[in-house]
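Trainee: Assemble chain Y with the ligands onto chain S, guided by the hints.
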Amino acid sequence: MSWFDRLKAGLGRSTERLSNGITDLFHNRKLDQDTLDELEELLIMADMGVATASRLSKALAKNRFDQDITPQEVRAALAGEIATILEPAAKSLEINPAHKPYIVLVCGVNGSGKTTTIGKMAKQFRDQGRSVMLAAGDTFRAAAIEQLQVWGERAGCTVVAREQGGDAASLSFEAVQRAKAENIDVLMIDTAGRLQNKANLMEELMKVVRVIAKQDDTAPHAVMLVIDATVGQNAHNQVEVFKRMVSVTGLVLTKLDGTAKGGVVVGLAEKFQLPVYAVGVGETIDDLHPFDAKTFANNLMGID
Amino acid sequence: MWMFDGLSDRLSGIFDGLKKRGALKEADVVSALREIRVALLEADVALPVVKEFIDGVRERAVGEEVIRSVTPGQMVVKIVHDHLIGMLGGDASKDQSAPQLPMDDSGLNLAGVSPVSILMVGLQGSGKTTTTAKIAKRLSGRDKKKVLMASLDVYRPAAQQQLVVLGQQTGVTVLSPIMGEKPVGIAKRAMQTGRQEGYDVVLLDTAGRLHIDFELMSEVAAIRDVAKPTETLLVTDAMTGQDSVNIAREFNEKIGITGIVLTRVDGDARGGAALSMRSVTGCPIKLMGTGENLDALDVFDAARVAGSILGMGDVVGLVEKARDVIDEQEAEKLAKRAMKGLFTLEDMAAQLKQLRKIDDIGGLMGMIPGMSKMKKQMSQVNVDDKGIAHQEAIILSMTQKERRLPKLINGSRRKRIAAGSGTSVQEVNRLLKQFKQMSVMMKKMGKGGGLKGLMGGGMPPGMMPGR
Ligand SMILES: Nc1nc2c(ncn2[C@@H]2O[C@H](COP(=O)(O)OP(=O)(O)OP(=O)(O)O)[C@@H](O)[C@H]2O)c(=O)[nH]1
Ligand SMILES: [Mg+2]
Chain S
0 MSWFDRLKAG LGRSTERLSN GITDLFHNRK LDQDTLDELE ELLIMADMGV ATASRLSKAL
60 AKNRFDQDIT PQEVRAALAG EIATILEPAA KSLEINPAHK PYIVLVCGVN GSGKTTTIGK
120 MAKQFRDQGR SVMLAAGDTF RAAAIEQLQV WGERAGCTVV AREQGGDAAS LSFEAVQRAK
180 AENIDVLMID TAGRLQNKAN LMEELMKVVR VIAKQDDTAP HAVMLVIDAT VGQNAHNQVE
240 VFKRMVSVTG LVLTKLDGTA KGGVVVGLAE KFQLPVYAVG VGETIDDLHP FDAKTFANNL
300 MGID
Chain Y
0 MWMFDGLSDR LSGIFDGLKK RGALKEADVV SALREIRVAL LEADVALPVV KEFIDGVRER
60 AVGEEVIRSV TPGQMVVKIV HDHLIGMLGG DASKDQSAPQ LPMDDSGLNL AGVSPVSILM
120 VGLQGSGKTT TTAKIAKRLS GRDKKKVLMA SLDVYRPAAQ QQLVVLGQQT GVTVLSPIMG
180 EKPVGIAKRA MQTGRQEGYD VVLLDTAGRL HIDFELMSEV AAIRDVAKPT ETLLVTDAMT
240 GQDSVNIARE FNEKIGITGI VLTRVDGDAR GGAALSMRSV TGCPIKLMGT GENLDALDVF
300 DAARVAGSIL GMGDVVGLVE KARDVIDEQE AEKLAKRAMK GLFTLEDMAA QLKQLRKIDD
360 IGGLMGMIPG MSKMKKQMSQ VNVDDKGIAH QEAIILSMTQ KERRLPKLIN GSRRKRIAAG
420 SGTSVQEVNR LLKQFKQMSV MMKKMGKGGG LKGLMGGGMP PGMMPGR
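If you read the protein sequences in the order shown, they are chains S and Y.
With numbering that gives the first Met the number 0 applied, the first sequence covers 0 to 303.
With numbering that gives the first Met the number 0 applied, the second sequence covers 0 to 466.
In isolation and in its complexed conformation, chain S is listed as follows (with noise of 0.2 Å):
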């Protein structure tokens, strides 16, 4: 299976719905006030939030309201919506080789994908034919250490790590000195989950960004924030937070396999102009896309 129809797949049962919800909505009826407001609710529950989704409902009010309009013209309008909104996020991470190594902080909420994400992509990095290095910097949660190092034999890179219950900062430090003697191009940093209304796990998280500044002042140059496609509304939260301490410089969407919509990224993209760097679509190894506005603004409105 592609990953797009996977990702269809998933999309497939909550889209189904969407546009059935949408078939019902606009049979033989025209565009009034009610209709609008369904359809906002539609939108709803695609995750996309009260703002974004009334945005879009009224976007389509503008030049429709009171015509006649069939199913298929509000998904297509509203798929264009989405995509002209979702087009400047479309931006994979982009190493640049003025850097060595340049330096990626994953970080991200408990469980949302952050070390499978780094195993992922260290393998495109890898198959791009570049040296990628991994750092064990997650030395709170049990065994996370192994969970990395099991994907940095999958990927082929080093994986720099200490004893459980150690300093992440410390071994920050100490990755990005290995990584600079053994002239790594990529130099990837995996960190605890932590939610973001926790002072003390962000500032420690800052203490490792604040490391990696004294090391290299132009680093981190990428700092990526993995956010897992099921969440709700709380990823406006993480997104804001997370940014604000650490300068987050893109986002990953994992688990679109499933059947969570990841409508929330509609919102924050509009919010927070944040590329999207890859979409996660399953638990192995190549299962890590570019993210595409048109294809997901499709699948989400159910048009092939």
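These aren't lab readings, by the way, just hints derived from the structure by calculation.
Beta-carbon label-pair distances, calculated as ranges:
(1) Y:L395 to S:Q214: 27 to 37 Å
(2) S:T217 to Y:S423: 15 to 25 Å
(3) S:E37 to Y:N428: 42 to 52 Å
(4) Y:K332 to S:N199: 21 to 31 Å
Below, computed lysine-lysine pairings styled on DSSO-like, alpha-carbon distance capped at 30 Å:
(5) Y:K414 to Y:K400
(6) Y:K414 to S:K206
(7) S:K242 to Y:K432
(8) S:K270 to S:K57
(9) S:K57 to Y:K50
As the structure is a computational prediction, the values presented were derived from the model and not from experiment.
Glycine residues also receive a C-beta, built at the ideal position from the N, C-alpha and C atoms.
Mentor: Leaving out everything else, chain Y with the ligands in the frame of chain S:
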């Protein structure tokens, strides 16, 4: 929560035109119901469940007498709040038909021939393994049960290792992993070991899986058939969005769950998924995870989650926490001064000091009803933990005169203050701007009676923090 205001804020305007007494009429509550709908959706309650909820509230609200000293808005918030607690399972135990079963106080069913088993299921990354260890710790510690844990997660790298480490941390025995053994085989071996070695409870931690993954869902059904668990717990992240209904329905239909565990309740998600899942499955939410520490597992608290869903905050938790850290007299003094429009840089320094005592400012602010708006403003003016120490240093580098009369602080004074506090002129400028913004904010707060007023604003009686 920064993005939206709580329900009480939302409703406060709606009933302004309404007279204070008499029965609530259908027409009165219509617009309130709209607001409630939006509030619930923003809290990630799934749409079908929102509809069901709204119907219930309408039924209860229409015809209700508005009692004296309460505004219709407060009355509706109270009805919504009570209805929500009811639906979340405030009285869930009543529809559990077997009260005579030996349950521990978490409501876990451990009835049966030893060893009984508890099967943990859920999506990837929902918190199953940590929760398994927490339950094991609770059962072995508080309830003096002999507990065995087994990891059936042969897919995620180092998952079995993770449970082994958690076993060491909790002092609970973990079934030794055997390379290459399949999940169903592990389950059999775990139950056998449990029988032979006289365990009371066997906890089976499974790999995370998608509810639409046919193969893996069949696998967990096979595990269930082998272990015949007395509890099958669906572990769900409190920040789950609209998909919660699909997840819960599928797991329940394909495996048959007996309860829900809500994890990461200590985050700032509104937690609407709890309502969605409870309502779709009819299964009680038994436990909730409130931290990364292995003791951070509590019996589900419907009132706390209801407050969070409605954006009204956890008033009880707030008062407890605030009492610990906030110097009441100091706070009172500040509030009084603010009310009079007398907010100075010295007050700001005092306030920053108070804030610094709270290690979790975001969390605390989120707990304060009516505070969501203020939290947003606070984050705009950068009153976060990151800047606080710097800001305090800047104010401390000012002369007393400057603190009372910020107008005095010209360019050269700014340079001196920056040098004295080890910051930059820009930072000093920013602080002065923040001070200005805060003064305005304080004046607004003052109108409502300071912190106390904010906490009381729009709250129904009985929900006010008692002193
Ligand atoms: N279905 C699916 N599962 C994923 C995806 N990405 C990660 N996972 C799974 O989600 C679970 C958590 O992933 P991890 O990579 O361990 O997440 P993490 O953010 O590193 O977790 P912590 O370090 O514990 O905070 C694992 O079971 C992964 O296999 C994805 O795109 N799709
Ligand atoms: Mg990890």
